[in-house]
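Student: The opening position of the sequence shown corresponds to residue 1115 in my numbering, with each subsequent residue numbered one higher.
The set of hints was computed from the structure by calculation and includes no laboratory data. Computed from a predicted structure; not experimentally measured. Wrong hints could be hidden among the right ones.
Below, simulated EDC-like cross-link-like pairs (lysine to aspartate or glutamate); rule was C-alpha separation at most 20 Å, straight line [what the hints assert, rightly or not]: (1) 1287 - 1264; (2) 1382 - 1368; (3) 1921 - 1677; (4) 1753 - 1818; (5) 1382 - 1192; (6) 1259 - 1293; (7) 1709 - 1724; (8) 1287 - 1351.
The following label-pair restraints were derived from C-beta to C-beta distances [unchecked claim]: (9) 1844 - 2081: 55 to 61 Å; (10) 1218 - 1813: 51 to 57 Å; (11) 1660 - 1732: 29 to 35 Å; (12) 1732 - 1858: 17 to 23 Å; (13) 1757 - 1844: 35 to 41 Å; (14) 1218 - 1295: 28 to 34 Å; (15) 1850 - 2081: 50 to 56 Å; (16) 1491 - 1238: 45 to 51 Å; (17) 1813 - 1856: 15 to 21 Å; (18) 1660 - 1395: 29 to 35 Å; (19) 1212 - 1364: 47 to 53 Å; (20) 2081 - 1188: 51 to 57 Å; (21) 1295 - 1335: 25 to 31 Å; (22) 1793 - 1820: 19 to 25 Å.
For glycine and all other residues, C-beta sits at the position ideal for the given N, C-alpha and C.
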Amino acid sequence: MRRWRYRPLQAAAVAALAALMTACAAFAPLYYRAMQQALTDITLSGATVIDTSVQLSMTPGDEFYDAGPLPQPEQLADQLPAAYRSDFHEPILGYAANAGVLPGGLTDPYGDLIWRSGQCDHLSFTDGACPAGPGEIAVSAADVKTFGLDVGSSVRIAGGTNQNGSSSVARLKVVGVYEQQVSDYWFGQSLTGRSGVVISTGAPAPPQHDVWITSRDSFDNALVDARSSSAGYLIDDDAVGVDELLALGPAVDDLAHRRPDVGVTPVKVVSGLPDLAHGVQEQIDQSRVTVPLLMAQLCLLAIVVLWLVLLAITEQRRPEVALARLRGRGRRGARRLLLDELLPITLLAVVPGALLAVLAAWVVPKVLLPGSVRFELGWPFLAALLASAVVLTGVTVVAVTRVAREPVERLLRRVPPRSTGWALGATDAIVIAGAGGIVVVFATGGLDGPIALAAPGLLAIVVGLVLAHLTTPTAALYGRRQLRRGRVRVGVSMLDAARSPATRRIIAIVTLASALAVFSADALIVGQRNRATAAAQQAGAPRVLDVDSNDLADIRAVLADIDPEGDELTPVVRVHPPGDDAPDTLAVIASSFRKIALFPGGGPSDALWDKLAPPDAEPIDITGTELDIDADDSTLTSKRVDNKLTPVTLGLDLVNQSGETLHTTLGTFASASAHRHFHHLVSCSEGCHVTGVWTSTLPGATIEGAVTLRNLTARSDTSPAQVVPLGPAEQWTKFYTRETGHVSPSSTTPDELTVTFQGQGVSPMTMQQRWLPTVVPALVAGPLPPGGSGNQFTLTGLDGGVQPAAKVGSLDRVPASEPNTFVTDLESLQRGRSVLATDRVQVWFGDDDPALLDQVTDALSDRGIAVAQTTTLRDIKRSYDESAAAWSLQLAALVGTVALLIALLVLVVSAVSGWRFRTRDFAALRMSGVPIRSIRSVAVAAQFPAVLVGVTAGALSGLFGAQLAMPIVPLFASAPEVSTLDLSAAWGAVVLAVVLSLVVLGAGSVIIGRALASRAELRRLRETL
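With the hints as extra help, turn the sequences into a complete structure.
Tutor: Written out as structure tokens, the structure reads:
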């Protein structure tokens, strides 16, 4: 150790490298454990009380009534194994009974009567007090209002069972009026909200009352007949960590599936803990890929660096080893000489490495992980320290043995003889062949497991070693050529680089470090990008509001008042037909939807959106409660199968403002007629669209002839008569089917419409006004449904009916939708059709603005429209980011930074280990008349080109390694339903990593070179070893 006093910089550098390697190895299990605890914390805090609790209950059915008495709640609580009860708070015991008021008439309410331990602490009383004795109950304020159950009143219900099997009558006295204090204590149960509600399947039924509260004495004294007993356990978040949760899951699952004894009522177990534990375990399994993938590269870098640095240091001590050998100490003594100097410093570095790992494990989780993370030092941390000590010892012994076994004549040379040709040495060839073989097998998909995780780092090692080997003869060849051309500065620099073993080490290490930095940056940003696009796909828009109403006209009116241009708000209707595989229909306003909806990877072009536009024909509108119309020059006739005439029915289709179609009959024609006048009452006081002219007759009868319609007039008591022209004929769409027949429009003036019919009487024939789309254009994601022909298919409309559609374009995916979805124009679907109550009506926001949300919510509320729920992009992205997959990838930033720091440290160690020789050479150049400026250039050029070559090769290796490894890296806790996976290189991150590598390592090499040149004093020539 005393010899380190003469080489303090070398000692500090070796200790720093050993400490970094130890810290990397020890930090991995600490962060891995902290990540598990954070995952458990957010899983429990984000779950409902139903999921995090365990509720045990027993409710005997008819077949179990003879099995014995109902067990007490304490007996149920004992069903949970004692080993797990410390993970929960004290159990909440309970009884429940039916409480139907006698005599049980249609006006006598029924409901539940319950007791729970500690119930009085979780109720507040607006009148009276909490029940304390048998037969005392507390009721809700709604029951007081609905049924007159004031404090002091009493009711009679069926009581306990007598010895003869008959039921007694229990008299219950109201002693209090309660208000429920919402908390986890009630396990999500609401005690109120039922008062006066009648549930009937058709026959008259009595009303319900809210839950009544009583004391335990009412059950223990058999005053009431207990229907069930229960025991509920609320989880203790402070007591449950990852180990406890993973143990609780299987234990609760076993309890839930435990078979009861024959004739014994089974215990019902309600808990989501098995699913929570399973989800946590899956994410832990995912992190077993990402964390080792990153830390394995870093540890591999640290081991290689330490190996090369120790080789450099032991080579500097060659004269000392030779002297020891000449003095008779032999190879064993020479090896002990080096081990006594190197091994203590490397092993002592385990202590600061462990402290550094502990400090990082205390700071990094606070920055990267949510919530309050427990800090734990477990056996994996101690195992990592022990493994680090073993590796440090092994690397040191191997490096020392390599020098100690060399012949004395080789040791006496200041620079060991090296091969200057292009052939590989045996060691390099073995390493390159082994690592290269692993990389090739991994790239072809034939490798997985732990070795596969090191494949990207092994690729960088192969590239670095090959490049380092090629650099020496290349630099020597290039240097001699430059000297022959008279370029002394460049030639000397290249020859110095070719002569120095440090050049090969620098290229190998810088290549590996740069590759790791590029790989880490790419993995980090690719993960962030994929989580962001998955969140955008799932959300659909920055905010989505689900509306609890199918009054689409009112909703659109509200949005039009707030945002007339449709820049911030757009209505969306989602139709989900029956069937698991049935494609959804997403009805949108294309002009605003294209601006608001989030399309990861880019949305359709404007030209494609324009294809969804509805027909541009104006509707024929009428307003009134009475309708008059003239039917002239009618030649309509209908013949039955027996060739006898039968009446023809003529009518109009009217669509009101809610989209409901009014199938209005005008009258019948028994034969040809010159003039008919029809008058009808219609429900069009708020306006209707005339959308169709139809005829019908008996099934199987033919229809032939024409009729001219004119003078369509609408009136009401509050508005004057309004004559509406039905022409010209261009406003109508000709109807034709081979099975039914055809209907053709014609007109001579805009005020009239002549309709010609020819049909087979199979079904009514309707000629639609052009305002109604006959075929709905749609953008299609996924395959067309069965039964389609070409681009023609059918989709489900707003009213649940089938509508003909045509595919006008394809989409890779539809925002916030299933893989198979049809996107259509809402205006097209809304024309002539109403919105079903099962349709999902939404409002999509272009910005997550709380003020805009309040404005929309208030405006909808003013029209009696409630908001069911709201979903934001920010919340969905947070759910993706708060996962083990995301936290594991966040290590990439730390790994890339440490890799560059290690490479920079290598440059320092390389300079420190040979600074005396280098400065002596520079001093000789200075004495030969070379200017100090040229010496600085030579000093910088000896390292900077190696750094430049290493960073370039490392960038390419890291980029290729990322493309190989990213497919095995879990990016999500669970794969999204619609994939937006994009593993292409994050070029911005790659370029940034390359630039940082060049700046950090390039600047370091320049500073080191100038520092060595500044020490090139002539007195260095008089120094000896």
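Student: Give a verdict on every hint.
Tutor: Status of the hints after comparison with the structure:
1. 1287 - 1264: holds, 10 Å
2. 1382 - 1368: Judged against 20 Å, a Cα distance of about 12 Å means the pair holds.
3. 1921 - 1677: violated, 31 Å
4. 1753 - 1818: Holds, at about 9 Å.
5. 1382 - 1192: At roughly 14 Å apart (the allowed maximum being 20 Å), residue 1192 and residue 1382 satisfy the hint.
6. 1259 - 1293: holds, 14 Å
7. 1709 - 1724: The given pair, whose Cα atoms are some 13 Å apart, holds under the 20 Å limit.
8. 1287 - 1351: violated, 40 Å
9. 1844 - 2081: 55 to 61 Å: holds, 59 Å
10. 1218 - 1813: 51 to 57 Å: holds, 53 Å
11. 1660 - 1732: 29 to 35 Å: holds, 34 Å
12. 1732 - 1858: 17 to 23 Å: Given about 21 Å between the Cβ atoms, the range holds.
13. 1757 - 1844: 35 to 41 Å: Taking Cβ atoms as reference, residue 1757 and residue 1844 lie about 37 Å apart, which means the hint holds.
14. 1218 - 1295: 28 to 34 Å: About 32 Å separates the Cβ atoms of residue 1218 and residue 1295, which means 28 to 34 Å holds.
15. 1850 - 2081: 50 to 56 Å: The hinted range 50 to 56 Å holds for residue 1850 and residue 2081, with Cβ atoms some 55 Å apart.
16. 1491 - 1238: 45 to 51 Å: holds, 47 Å
17. 1813 - 1856: 15 to 21 Å: Since residue 1813 and residue 1856 have Cβ atoms about 18 Å apart, the given range 15 to 21 Å holds.
18. 1660 - 1395: 29 to 35 Å: Since the Cβ atoms of residue 1660 and residue 1395 sit about 33 Å apart, the hinted range of 29 to 35 Å holds.
19. 1212 - 1364: 47 to 53 Å: violated, 36 Å
20. 2081 - 1188: 51 to 57 Å: At 55 Å between Cβs, range holds.
21. 1295 - 1335: 25 to 31 Å: Since the Cβ atoms of residue 1295 and residue 1335 sit about 28 Å apart, the hinted range of 25 to 31 Å holds.
22. 1793 - 1820: 19 to 25 Å: holds, 22 Å
Hint check: violations occur at hints 3, 8 and 19; the rest are consistent with the structure.
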